[in-house]
Amino acid sequence: MHLVHTPIFRLFFPWVHFYKLKKDALRLMRLIAILLW
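Position 26 (the sequence shown) corresponds to 26 in the numbering used here; numbering is contiguous.
Mixed in with the good hints, there may be bad ones.
[What the hints assert, rightly or not] Estimated spans, in silico, between C-beta atoms of each pair: (1) W37 <-> P7: 43 to 53 Å; (2) P7 <-> L36: 40 to 50 Å; (3) H17 <-> W37: 22 to 32 Å; (4) L28 <-> I8: 23 to 33 Å.
[Said to hold, decoys possible] As a list, the in silico SDA-like pairs of lysine to any residue whose alpha-carbon atoms are at most 20 Å apart: (5) K23 <-> F13; (6) K20 <-> R30; (7) K20 <-> F9; (8) K20 <-> I8; (9) K20 <-> I32; (10) K22 <-> L11.
Hints in this document: simulated from the structure, not taken from any laboratory.
Yeah, the Cβ is synthetic: ideal placement off N, Cα and C, and Gly gets one too.
Given the sequences, and given the hints that come with them, work out the whole structure.
Shown next, in the form of structure tokens:
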């Protein structure tokens with residue numbers, strides 16, 4: 001995959017990954033909050 005070797009993509013990709021992780025974490029926290037309510 002050629003995109004991985006471009007510096008811009010290298011800088012941008014971790015932020016996308018972090019954003020997805022944060023979104024999943026928020027969803028998980030909401031689920032736990034609903035279960036504990």
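Which of the numbered hints are not met once you compare them with the structure shown? none
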